[in-house]
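If you read the protein sequences in the order shown, they are chains A and B.
With my numbering, the residue at position 51 of the first sequence is 51, and numbering never jumps.
With my numbering, the residue at position 110 of the second sequence is 439, and numbering never jumps.
There's no promise every hint is true.
[Unchecked claim] Here are some of the chain B residues that sit facing chain A, going by a computed Cβ distance under 7 Å:
| # | residue |
| --- | --- |
| 1 | P356 |
| 2 | R380 |
| 3 | G382 |
| 4 | K610 |
| 5 | V612 |
| 6 | G643 |
| 7 | A651 |
| 8 | L654 |
For the record, the hints were derived by calculation from the structure and aren't laboratory data.
Just so it is clear, CB atoms sit at the ideal spot from N, CA and C, and this is done for glycine as well.
There are 2 protein chains.
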Amino acid sequence: MVRTMEPGIAEIEKAAARIEGFAVKTPLIESPILNERTGGRILIKAECLQRTGSFKFRGAWNCISQLDPAKAKGGVVAYSSGNHAQGVAAAARLKGLRAAIVMPADTPEIKQANTRSYGAEVITYDRARESREEIAARLAEQRGAALVPPFEHPDVIAGQGTAGLELAEEAARRNAPLDQVLVCCSGGGLTAGIALAMEARSPSTRVHSVEPEGFDDYARSLRSGVREKNPRADGSICDALLTQQPGAMTFAINRPRLGDGLIVSDAEVRNAMRYAFNTLKIVLEPGGAAALAAVLAGKIITKGRAIGVIASGGNVDAAMFAEILGGGG
Amino acid sequence: MVRTMEPGIAEIEKAAARIEGFAVKTPLIESPILNERTGGRILIKAECLQRTGSFKFRGAWNCISQLDPAKAKGGVVAYSSGNHAQGVAAAARLKGLRAAIVMPADTPEIKQANTRSYGAEVITYDRARESREEIAARLAEQRGAALVPPFEHPDVIAGQGTAGLELAEEAARRNAPLDQVLVCCSGGGLTAGIALAMEARSPSTRVHSVEPEGFDDYARSLRSGVREKNPRADGSICDALLTQQPGAMTFAINRPRLGDGLIVSDAEVRNAMRYAFNTLKIVLEPGGAAALAAVLAGKIITKGRAIGVIASGGNVDAAMFAEILGGGG
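Please take these sequences and the hints and turn them into a complete structure.
The following block contains the structure:
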């Protein structure tokens, strides 16, 4: 896995052909109640309904389906806060490969359990003290396994971009050309893939990253023009969105293409999760609700506009979800 | 609203044209994990994602959109355990009509609040002691309002049948001709509409009603050939499925068309709600999870078969959902 060239729309189209029949073409949910509340059309790409409960299967399968089994006898290795883990584990099993995943010890139980349920080996580490990249690289070398990075890889980015392709096509079909698309953003792979897809298929659409307060490395990097770091490694409920800084490749793609980065508080995310439960009837994890939170909290103008919202994942522990439904702040 | 002739596929097709652009063409969710578990293909028609959170908007809009406003100056009146209430309230508002809804006092708060949120007046009654039909009929007469019954009306049945039409079309498109369809059943309107749609579009598909234990009036009626009553009016968590006996019109349609009625326990329903949360990432109310519960509890053979499952609604109070996620039996 040494290709480092940035992907383009051609790679996203090839990825769309590869994932066909393996990934779910997720529905675009439009709620009359949410439209009325916002005065616009809010089109929610429900990636929580994707295979493995998040968009991550798209990129993982686009990568892993191309591996030569003879060259990946040691299987695949990945590091992940939990959703990429499940995507890689499920893709590896489909391909008949072993998978070992390096995950933070504080990853939600559902993400660890699901990853194991696909037959993967889970190795935990301390998010604040250890380097997951180093642990994974060492493991890959020891085993002769292919490393599948969570975002810094053209095939991963192209795979995630298929969500943007589907979104642009379906929005056009519904006669709702998108003014903006809001993307829950961590390392920036999904955002980059969607930015590339929109540039090609819906060039007047502005793409915005959405991050949790205190983990706004992308928003700050877009302003400063260099890759900024977050001061902390944990401390938001959005466990999927805590990557420390933008990827070099994702930032190179995103920097010239994105609008201002949006930032939401944990309280706004909890509110969005409750809204998704009560009104949309879908299950969103905190990180998967960030873009919806930006709409509900009024971070952008919605009146008279068509806004795409990526609901990127739904892997949340039942106990946390129950606590949030109870109004826990 | 005096048409009493049974609807057929022609009426369902007309209903499909009427609801277009008003109702949601709900997605058919297929989970690789559930397929693997069952050894079949389970196609879940996610009516929880329908406008108003249940299939009921289909029939309500098919009825109410046809009303002559000059003849319905007093608006519309309905009685409902909660989902028909929301469907009627939303449809009436779209049509610019007043709505008054008679609901059991123990209806989940979310259903009452949502009904009011569409501008309807809610009148509660005691489920065990009073007759909702009488209260509603009196009210309709006093106000000069049109009564929209929850299932005993050809336009309501035809409207609900549109879910079956969509299911049959999408299953065919996915090359998954359905062996069986399981439908959460109360008065039998949805079941009847789907049975008619399947008869026309997928004649080899067997349709089965699914009811909660103790409220299996349809299953018993199908066996005895006459409309049997439930001994009790409440006592299951499936608040949407407690109608006391099959409707005369729905039974006339269903009796020659249905396979054996299936029965699920409240514990099996709770388990299905947890499964929908953890694996499918959709929110189901108890009554909306009954058909899925029948699959998960092994009430039918699934191996090698394609089974349609109607997930009929998602209007559940947060407190109850949280308690069920916590494993409450």
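- Task: Find the hints from earlier in the document that the structure breaks and name them by number, from lowest to highest.
- Result: none
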